[in-house]
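**Student:** With the hints as a guide, bring the two chains together.
Chains as they are written, first to last, in the numbering used here: chain A, 1 to 420; chain B, 1001 to 1120.
If you are wondering where the hints come from, they were derived from the structure by calculation, not from laboratory data. Hints are supplied without guarantee of correctness; some may be wrong.
One side of the interface only, derived from the structure: several residues of chain B facing chain A at Cβ under 8 Å [as the list claims (entries may be wrong)]: (1) 1009; (2) 1051; (3) 1097; (4) 1116.
Backbone N, C-alpha and C define an ideal beta-carbon position, used for all residues, glycine too.
If you want the building blocks of each chain, they are given just below.
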Amino acid sequence: MMKTYDIIVIGGGPAGLAAGVAAHDAGVDNILIVERDDHLGGILNQCIHNGFGLHTFKEELTGPEYAQRFIDQVLEREIPYVLNTMVVDMSEDKVVTLMSRERGIETVQAKAIILAMGCRERPRGALNIPGYRPAGIYSAGTAQRLVNIEGYMPGKKVVILGSGDIGLIMARRMTFEGAKVQCVAEVMPYSGGLKRNIVQCLDDFDIPLLLSHTVVNIHGKDRLTGVTIAEVDERRRPIPGTETYYDCDTLLLSVGLIPENELSHNSGVQISPVTNGPVVDETMATNHEGVFACGNVLHVHDLVDYVSEEAGTAGRHAAEYVQGKVADKGEAVVLKAVDGVRYTVPATIHVNSMDDKVTVRFRVAGVFKNRYIGVYFNDERKVHRRKQVMAPGEMEQVILRKADLEAFDGLHTITIKVED
Amino acid sequence: MEERHLTCIRCPLGCQITVTLDNGEVVNVTGNTCKRGDQYARKEVTDPTRTVTSIVRVNGGDVAMVSVKTKTDVPKDKIFDVLETLTDVVVEAPVHIGDVIVADAAGTGVDIIATKQVNA
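Extracted from the complex, chain B is given alone in its bound form (with noise of 0.2 Å):
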């Protein structure tokens, strides 16, 4: 048996919720006040994803940098391997919202794509 201990953030209130495992399977969740604190700590520890945002240089453009995003959620252990991937990319203007940057990032099947408008 392994015990986790979270804090939820679904709400103001950060209820510090336990987690039960046995062989990576939930067996008990513990310290939370509402079933959307259950649904976080089970998430949490089973599959924790997040959102990756970060830059990447422009040529030519009226900025020098492009904010970007990973189009969806990736595992958390990936959120490195994700930024490694951006380390030596050069854009060139102009770029629109949605662009890809960066197809299949480190494997993860999702693609990373610019935040921001930069006009050339």
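So here's chain A without its partners, still in its complex pose (with noise of 0.2 Å):
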């Protein structure tokens, strides 16, 4: 006989350890969080920095502290885990293969599943620098393991490419344990990070940054030598003429984060062109019944407060759905992303099964001054919010009332756009 989990929870990073608690405070104590670490956290252990929790807690800790948290809560009810363990596959009808150096291959039946994997860094390859191969080239988020971690310098002369908020923290990083970092280039002629992070990290320590800059060459054979930066035209084509030489041994690289989807999509659990997330509706769970998703394999978040909050309306969910407990949904009402909106998640609502407020997430297209959130139910304009600012590096949140839903008749859509 296999063994059977009432909720099988695949990964046990942030978006986990609070998925797993929050079923198991509805009521569902046979669950099991996967994680191919040999630590509960993910990757905030890594995250030595302060700043996460400000909503959760109301007060600023570290990331380890935030997980120790989560931990902490996970310990106290007992949820069982395995670390160690990679789970390699997860099948249409639920049986989900784990790989351990320990136990070898398994198989274990799952009644619901929440999906809470993370992101990757998007790596080199996928951004077609010419140059040769030398070592010193480094993912932002692989410096900072062999920093924080496992207390290795990669090097000491450092530019950064993209501004995205962990080569931001790297760069304070790199520069308090005696690095000179050179630089940091930005290819978009706005910064992918948080403000804060800008000014504390790189202000604080005269390092410049450079929109509308990037590397057009990396130079060096077995080791870096120095990179070659030149600025771009609106097209983000290098202007040539002003190419500039940085001597330097290492090159971070901070350019985006992309969801850690190959399980989901292998079992048939549909992935949005946008966020390169599971679709999701306003219970996190996907078009897989029984399947769940939170946290960054879902889309990619600057707060993990919100990573938390949406891991536990996933868990509570679930456990709803292995209880039984889920009512007829019926027609789901889509949510329509235009002007200027990426995406947003959840992608349809469900009137009968939501609560009594459901936070749409969403990103922006670009930079915006001055501009409103319009919120259409229909045709009919219900919301008109001004912004003084938004920009993609900072994620945008409306609220939904179920009552508001519930006294529109005939309501199929509602829009969300950025408008004057």
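**Tutor:** What follows is the structure in structure tokens.
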């Protein structure tokens, strides 16, 4: 007989931990959290800087402290988990294949699955930078792990390509450890990172941020010796004559995060081409019955607090599903993202089964100043909220109330847009 | 009269704020959109502080390094002095969150404490 779990949570990072806790608190205790690293906590373990938890705990914590709060909740509830264990397959009928050094290959049956695998960094190969393949080129997160967990310094003279938050954080981190950070180059005319990180990680240490610049050549054969950086035009093409050589032994890439959805894909979960994450409804349920998703595997977040909140929703509803408490959901209202709004999570809302309110999160496609967020029920405008500034690096949200949706006769579409 | 230029970090707007100082006294703040920007700018030019986070080596633990932070903010110009006190520090596992790693770091009166649980 195959061992059966009510809920299998794939991933023991912030999303998986919060989902497991919420599912347990909703009355399901036959849970297994599967983590491939040797500790629970996921990427937070290497995010040793502070600024986590302002929303959840009303205090500023470091990543490991934030993770420990949720690890403690898992331990207090005695929620079962396995470490050093990788999920290599999940089938359409929710048979999950686990692989570990200790126990080899195991197959277990789940009644419900919560996808919480997080995301991966976009690698050099995705950027098409010409030049040799010398040592000394790392993704920012890899360097972060080397420095903060393993205690190794990747190099002494650093250039960072991409101004994502991890790149900015690593600029300060490498400076603290005695490295010289030459500059951060960003191909877009604006930074993809949070304002706070630009000021406290770059400005504080006089590290230049070169907007509309990119790396056009990599020098060095065995070890990186330098990079050539050029300015780019509005179509992101390098402008001849603007090339500058920077001496460096290390290049860190902070050029975007991609939800890690190979497992979801193979089991027939519908993936959004915009977020690269599963398409979910208001309960974080995917199109595959009994399969839920939360955290960075669903869409990449700026704040872990929102990951925890979203994971709580997934855990609670996965528990309801296992307990047979899901009423007839009825017709779904479709959420449409247009005019500067790139996507919404969730993508659909069932008015019958929604909680009293649902937080819809989304990102915008560019920098917008003094514009409005518009929310339309069918063709009727319901929300017109002024925003001084919106940028792709900062996630936006609107809250929809069940009472308002119920009161609107014949509601079939909710449209969210950026407008005047 | 001295002018200082800052980017406000209190919200995503990132106002470019100009502070005018006379003998170290703030006489004018411009460029901010709200009151929080004014507060941020005054603090930042007169008493800038930061929480400093780093790592120290652990002996006999289940990870090689333990993450640490200053328990509260320290003056910005003390950041590197604070980091300097950690250079040769090695602690023995187990380490608990909140354990004092360095007391009164660099004369700031602020302790450096562990932020990670390290099991032996």
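**Student:** For the restraint on residue 1097 of chain B, tell me whether the closest CB of chain A is nearer than 8 Å.
**Tutor:** For residue 1097 of chain B, the interface hint holds, since the closest Cβ of chain A sits about 6 Å away, which is under 8 Å.
**Student:** Would the hint on residue 1116 of chain B be counted as holding, given a Cβ-Cβ threshold of 8 Å to chain A?
**Tutor:** holds, 4 Å
**Student:** Classify the hint on residue 1009 of chain B as holds or violated, based on whether any CB of chain A lies nearer than 8 Å to its CB.
**Tutor:** holds, 4 Å
**Student:** Under 8 Å, Cβ to Cβ, is where residue 1051 of chain B needs to be relative to chain A, so tell me if that hint holds or is violated.
**Tutor:** Constraint on residue 1051 of chain B satisfied, holds at 5 Å.
Of the hints listed earlier, there is not a single one the structure fails to meet.
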